[in-house]
Amino acid sequence: MKTIRIIPRLDIKGPNLVKGIHLEGLRVLGKPSDFAKYYYEQGADELMFMDVVASLYERNSLHDIISETAKSIFIPITVGGGLRSISDIKEVLRVGADKVCLNTAAIKNPQLIRDASRMFGSSTIVVAIEAIRESNGTYLAYTDNGREYTGVDVFQWAQQIDELGAGEIVITSVDREGTGQGYDLELISRITNLVGIPVIAHGGAGKQAHVVDALKGGNISSAMISSLFHYHFIKENESRASSLEGNVEFLNQKRSFHTFEPCSIEDVKGTLKSNQIDCRL
Amino acid sequence: MDINFKKVVIIDYHLGNLYSVKQACDTVGIYAEISSNREDILNADALILPGVGAFIEAMNNLKNFGLDTAIQTKVNGGTPIFGICLGQQLLFTESEEFGAGKGLDLISGVIKRFPESIEDRKVKVPHIAWNTIFKFNQEWNNTALKDLNNNDFMYFIHSYYVKPNDDACILTLTNYDGIEFCSAILSNNIFATQFHPEKSADKGISIYKNWALINNLL
Chain A
1 MKTIRIIPRL DIKGPNLVKG IHLEGLRVLG KPSDFAKYYY EQGADELMFM DVVASLYERN
61 SLHDIISETA KSIFIPITVG GGLRSISDIK EVLRVGADKV CLNTAAIKNP QLIRDASRMF
121 GSSTIVVAIE AIRESNGTYL AYTDNGREYT GVDVFQWAQQ IDELGAGEIV ITSVDREGTG
181 QGYDLELISR ITNLVGIPVI AHGGAGKQAH VVDALKGGNI SSAMISSLFH YHFIKENESR
241 ASSLEGNVEF LNQKRSFHTF EPCSIEDVKG TLKSNQIDCR L
Chain B
1 MDINFKKVVI IDYHLGNLYS VKQACDTVGI YAEISSNRED ILNADALILP GVGAFIEAMN
61 NLKNFGLDTA IQTKVNGGTP IFGICLGQQL LFTESEEFGA GKGLDLISGV IKRFPESIED
121 RKVKVPHIAW NTIFKFNQEW NNTALKDLNN NDFMYFIHSY YVKPNDDACI LTLTNYDGIE
181 FCSAILSNNI FATQFHPEKS ADKGISIYKN WALINNLL
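These protein sequences, in sequence, are chains A and B.
Numbering (my numbering) for the first sequence: 1 to 281.
Numbering (my numbering) for the second sequence: 1 to 218.
To be clear, the hints were calculated from the coordinates, so they are not data collected in a lab.
Fair warning: there could be bad hints in the mix.
Said to hold, decoys possible - 20 Å max Cα-Cα, derived PhoX-like pairs, lysine-lysine:
| id | chain 1 | residue 1 | chain 2 | residue 2 |
| --- | --- | --- | --- | --- |
| 1 | A | LYS71 | B | LYS203 |
| 2 | A | LYS207 | A | LYS2 |
| 3 | A | LYS37 | A | LYS13 |
| 4 | B | LYS203 | B | LYS135 |
| 5 | B | LYS146 | A | LYS2 |
| 6 | A | LYS216 | B | LYS122 |
| 7 | A | LYS37 | B | LYS203 |
| 8 | B | LYS163 | B | LYS112 |
| 9 | A | LYS207 | A | LYS273 |
| 10 | A | LYS235 | A | LYS273 |
| 11 | B | LYS135 | B | LYS163 |
| 12 | B | LYS135 | A | LYS2 |
| 13 | A | LYS13 | A | LYS31 |
| 14 | B | LYS203 | B | LYS146 |
| 15 | A | LYS235 | A | LYS37 |
Could you build the full structure based on these sequences and the hints that come with them?
Here it is in structure tokens:
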């Protein structure tokens, strides 16, 4: 059987779950552990925690959130953001992460992928590619949540990541991320055809049909989703922002952007099943 | 701590995430201790052999810590052992991986890698997915899988799988993209899974509980 995975992604800034557009303009949505627990109960296949400002400030503040989550949530947890060295990776795994996600440090030093895969096993090392489509139609990899230009061609980089021994690639379309306009299918299918390792699609899911579009070919292993599920959570639950930093009025109105049709994990999986796409339901 | 508590040692050979294995034990009431110490293993009532990573490095670490012979002594003496993922593979005779060599040889068989392609079709490796386990040769009633149904989903993350020489020890099979492989074994005091029960939600945690109950560890 070949089953796909649905992976809610939780972007973290300090103690809060946040969500941006094009990975920028972060809005505080609530307490990460509330969302994580809800997604676990709803049948999430894995969880991804991303410390979205860690690279910018060269720090990692996610450890407490991870170890708290891993005590009661028995599905795989991937952690990314600001991991720069073997010892950073070791520390995150020690506090309860199952996999780590590298981006900025891996582009600066590709050897880190090889060293980390050898030490922790390929399957522990996920590499994120933040792709931006240039005006001439090429795709370049960016770092630091789409802020920093590297000039690295996305497709060559994906092949190199595979050769260096990583276990998975998360491909983010920065152009689509947070917009709800659908995944960049051309980008994602080109990447998955180039590499032998599983590829996770990220950036742009605005409704269930977008997820079906990305996964129906059978070559893309997983879909990573934030806004769709986060806005659904807010509709279904009392907003429990852990601080007053967020736009509390917005949250209490239980609104979402008009470009999204929020849905639960169960909704998405049901729709996938009815489209003959296998998943754990 | 009550002196009568049965002590389970989670064998730490410095590869992989032991946190979630410990959390799973805590959740079901297993008194488990993480240790790399040979004496602790020799004094344990039961062993858990987890692991993520490379077979060759794992065996080297076990040997360097003097744990390989301690595990063999205990398991041959009848102590229950629960192998998980790489921990299952280490129980076997040898790996086909180039230069990887011998395992603990407690179960006769080899470790194979998933092919990169079948005919013209590419196979994504590692196999990272929730996949179904189904019965083969043995019923699950009196095993750690007794609360599971045929074709329940478990979480897999691996590039290699075990191939026992004797089919009789096969407890479950799984099919990944057309490739059928042994996903759990049971042979007397040896129980092992290729999947990660501690990452497989409630059903996975029931495996820890039932393994402990069957072996009188609670």
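Are the Cα atoms of LYS135 of chain B and LYS2 of chain A separated by 20 Å or less? Given that 20 Å is the threshold and the Cα spacing comes to 18 Å, the pair holds.
Hey, LYS207 of chain A versus LYS273 of chain A, does the alpha-carbon distance stay inside 20 Å? holds, 16 Å
Verify the proposed pairing of LYS37 of chain A with LYS13 of chain A, using a straight-line Cα cut of 20 Å. Distance ~18 Å between LYS37 of chain A and LYS13 of chain A Cα, so the pair holds.
Please verify whether LYS13 of chain A and LYS31 of chain A have alpha carbons no more than 20 Å apart. Answer holds: LYS13 of chain A to LYS31 of chain A is near 10 Å, not above 20 Å.
Check whether the Cα positions of LYS216 of chain A and LYS122 of chain B lie no farther apart than 20 Å. holds, 16 Å
Please work out if LYS146 of chain B and LYS2 of chain A have their alpha carbons no farther apart than 20 Å. violated, 25 Å
Given the proposed pairing of LYS203 of chain B with LYS135 of chain B, does the C-alpha separation stay at or below 20 Å? Holds. LYS203 of chain B to LYS135 of chain B sits at ~16 Å (cutoff 20 Å).
Going straight from one Cα to the other, do LYS71 of chain A and LYS203 of chain B come out at no more than 20 Å? Judged against 20 Å, a Cα distance of about 16 Å means the pair holds.
Straight-line alpha-carbon gap LYS207 of chain A to LYS2 of chain A, limit 20 Å: violated, 23 Å
Would the hint linking LYS163 of chain B and LYS112 of chain B be met if the CA-CA limit is 20 Å? holds, 7 Å
Pair hint LYS135 of chain B and LYS163 of chain B, alpha-carbon separation not exceeding 20 Å: Holds - the C-alpha atoms of LYS163 of chain B and LYS135 of chain B are around 16 Å apart, at most 20 Å.
Measure nothing beyond the straight line between the CA atoms of LYS235 of chain A and LYS37 of chain A; if it is 20 Å or shorter, mark the hint as holding. Roughly 16 Å between the alpha carbons, so the hint for LYS235 of chain A and LYS37 of chain A holds.
In this structure, the earlier hints numbered 2, 5, 10 are contradicted, and the remaining ones agree with it.
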